[in-house]
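> Sequence:
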Amino acid sequence: MSDSIILGIESSCDDTSAAIIKGNSILSNIAANQEIHKEYGGVVPELASRAHQQNIIPVVEKSLNEANIQQNAISAIGFTRGPGLLGSLLVGTSFAKSLAMSLDIPLIEVNHLQAHILAHFIDDANPVPPKFPFLCLTVSGGHTMIVLVKDYFYMEIIGKTIDDAAGEAFDKIGKIFDLDYPAGPIIDRLSKEGNPDAFQFNKPRLENYDYSFSGIKTSVLYFIQKEVKKNPNFIKENMNDLCASVQKCIIEILMNKLEKAAKDLNIKEVAIAGGVSANSALRKVMQDNHQRLGWDIYIPKFEYTTDNAAMIAMVAQLKFERGEFTDLRTTAISKYDL
Numbered sequence: 001m002s003d004s005i006i007l008g009i010e011s012s013c014d015d016t017s018a019a020i021i022k023g024n025s026i027l028s029n030i031a032a033n034q035e036i037h038k039e040y041g042g043v044v045p046e047l048a049s050r051a052h053q054q055n056i057i058p059v060v061e062k063s064l065n066e067a068n069i070q071q072n073a074i075s076a077i078g079f080t081r082g083p084g085l086l087g088s089l090l091v092g093t094s095f096a097k098s099l100a101m102s103l104d105i106p107l108i109e110v111n112h113l114q115a116h117i118l119a120h121f122i123d124d125a126n127p128v129p130p131k132f133p134f135l136c137l138t139v140s141g142g143h144t145m146i147v148l149v150k151d152y153f154y155m156e157i158i159g160k161t162i163d164d165a166a167g168e169a170f171d172k173i174g175k176i177f178d179l180d181y182p183a184g185p186i187i188d189r190l191s192k193e194g195n196p197d198a199f200q201f202n203k204p205r206l207e208n209y210d211y212s213f214s215g216i217k218t219s220v221l222y223f224i225q226k227e228v229k230k231n232p233n234f235i236k237e238n239m240n241d242l243c244a245s246v247q248k249c250i251i252e253i254l255m256n257k258l259e260k261a262a263k264d265l266n267i268k269e270v271a272i273a274g275g276v277s278a279n280s281a282l283r284k285v286m287q288d289n290h291q292r293l294g295w296d297i298y299i300p301k302f303e304y305t306t307d308n309a310a311m312i313a314m315v316a317q318l319k320f321e322r323g324e325f326t327d328l329r330t331t332a333i334s335k336y337d338l
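Heads up: the sequence shown begins at 1 in the UniProt record's numbering, then just goes up one per residue.
Since the hints were made in silico from the structure, they are not lab data.
Since this is a predicted model, take the numbers as computed values, not measurements.
Every residue, glycine too, gets a C-beta built ideally from N, C-alpha and C.
Any given hint could turn out to be false.
[Stated by the list, open to error] No more than 16 Å apart at the CA atoms, straight line, and that leaves these computed lysine to aspartate or glutamate pairs for EDC-like:
| hint | residue 1 | residue 2 |
| --- | --- | --- |
| 1 | Lys203 | Glu269 |
| 2 | Lys301 | Glu66 |
| 3 | Lys160 | Glu207 |
| 4 | Lys263 | Asp296 |
| 5 | Lys22 | Asp123 |
| 6 | Lys160 | Asp124 |
| 7 | Lys22 | Glu46 |
| 8 | Lys160 | Glu259 |
| 9 | Lys38 | Asp180 |
| 10 | Lys268 | Asp296 |
| 11 | Lys301 | Asp241 |
| 12 | Lys301 | Asp180 |
[What the hints assert, rightly or not] Just the calculated beta-carbon pair ranges, DEER-fashion:
| hint | residue 1 | residue 2 | range |
| --- | --- | --- | --- |
| 13 | Gly23 | Asp151 | 49 to 55 Å |
| 14 | Asn202 | Glu46 | 31 to 37 Å |
| 15 | Phe132 | Thr331 | 29 to 35 Å |
| 16 | Gly23 | Pro133 | 37 to 43 Å |
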């Protein structure tokens with residue numbers, strides 16, 4: 001089974017991606033980004049689905065060419081069934097079904113959130129893959145959760161956000177600072193020149209492992225409104241410090257719950273996944289916890305943090321080995337339980 005060649009297709013939001021995997025090795029991982037959403041300060045679903053329609057054939061062709069693989073060598077096609085934007089998912093699902101039918105090969109549905117976590121098992125994602133059971137902080141623009149991973153397909157969400165996701169908080173606060181979308185990477189970059197202790201913002205007080213990020217967003221908004229009344233140039237003059245302070249606060253919120261869960265469950269195997277796992281400060285805190293708390297940490301390569309088809313192909317490969325296939329009656333779903 002390790003010689004099987006899988007085409008993975010990802011179209012859950014605004015990135016069209018295709019990848020080829022052989023065994024656990026990625027032969028190609030191609031993505032087309034959609035710049036148009038910057039004009040609107042967020043993803044516009046209708047524009048996203050139209051762009052996927054334009055991008056999907058060139059992206060799949062490029063992934064095959066880069067991997068030096070012919071269509072008739074593909075063993076199966078894995079695709080993101082959900083969760084995500086329904087219009088975007090429909091493009092990838094329809095394409096995957098059509099191509100699988102034309103090539104007469106199996107079709108494999110993939111849960112996007114599972115894929116973020118199982119990306120850690122791609123050959124070059126980490127020096128060694130995590131050992132079960134492990135905790136995975138899965139954090140992105142749409143999702144923030146702590147997942148107890150007992151096996152490849154035996155996962156339990158032990159904590160999740162009750163409102164905004166962490167990536168969403170970065171983007172909404174970035175909008176307050178008049179930064180371009182997506183703001184997360186910009187805040188990360190500007191933070192490197194700022195003082196993370198310059199300003200203090202409110203943190204939620206939830207008893208369990210759940211998260212809340214609406215409070216920090218409101219805290220920042222009120223603080224900025226008050227300061228701008230006194231000095232109209234306050235944001236511009238303090239941008240680096242503001243970004244560094246916001247970033248520190250969000251990461252402390254994330255890590256406090258993760259540390260609590262790891263301690264309560266006595267688990268030392270700890271991973272991060274999702275788009276926000278590309279954040280340099282979050283990655284540094286994870287490295288620090290390797291030393292401070294004795295964690296075995298797993299931080300994926302940058303290309304496996306954002307939405308990408310390599311992680312979809314990885315899950316499809318695992319399902320292919322188990323003979324878990326999907327029939328052509330399957331449909332895309334915007335909500336898909338882990």
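> Run every hint past the structure and note whether it holds.
Hint-by-hint comparison with the structure:
{"no.": "1", "hint": "Lys203 / Glu269", "in the structure": "violated, 26 Å"}
{"no.": "2", "hint": "Lys301 / Glu66", "in the structure": "violated, 20 Å"}
{"no.": "3", "hint": "Lys160 / Glu207", "in the structure": "holds, 12 Å"}
{"no.": "4", "hint": "Lys263 / Asp296", "in the structure": "holds, 13 Å"}
{"no.": "5", "hint": "Lys22 / Asp123", "in the structure": "holds, 10 Å"}
{"no.": "6", "hint": "Lys160 / Asp124", "in the structure": "violated, 28 Å"}
{"no.": "7", "hint": "Lys22 / Glu46", "in the structure": "violated, 34 Å"}
{"no.": "8", "hint": "Lys160 / Glu259", "in the structure": "holds, 14 Å"}
{"no.": "9", "hint": "Lys38 / Asp180", "in the structure": "holds, 7 Å"}
{"no.": "10", "hint": "Lys268 / Asp296", "in the structure": "holds, 6 Å"}
{"no.": "11", "hint": "Lys301 / Asp241", "in the structure": "violated, 28 Å"}
{"no.": "12", "hint": "Lys301 / Asp180", "in the structure": "violated, 25 Å"}
{"no.": "13", "hint": "Gly23 / Asp151: 49 to 55 Å", "in the structure": "violated, 19 Å"}
{"no.": "14", "hint": "Asn202 / Glu46: 31 to 37 Å", "in the structure": "holds, 36 Å"}
{"no.": "15", "hint": "Phe132 / Thr331: 29 to 35 Å", "in the structure": "holds, 32 Å"}
{"no.": "16", "hint": "Gly23 / Pro133: 37 to 43 Å", "in the structure": "violated, 24 Å"}
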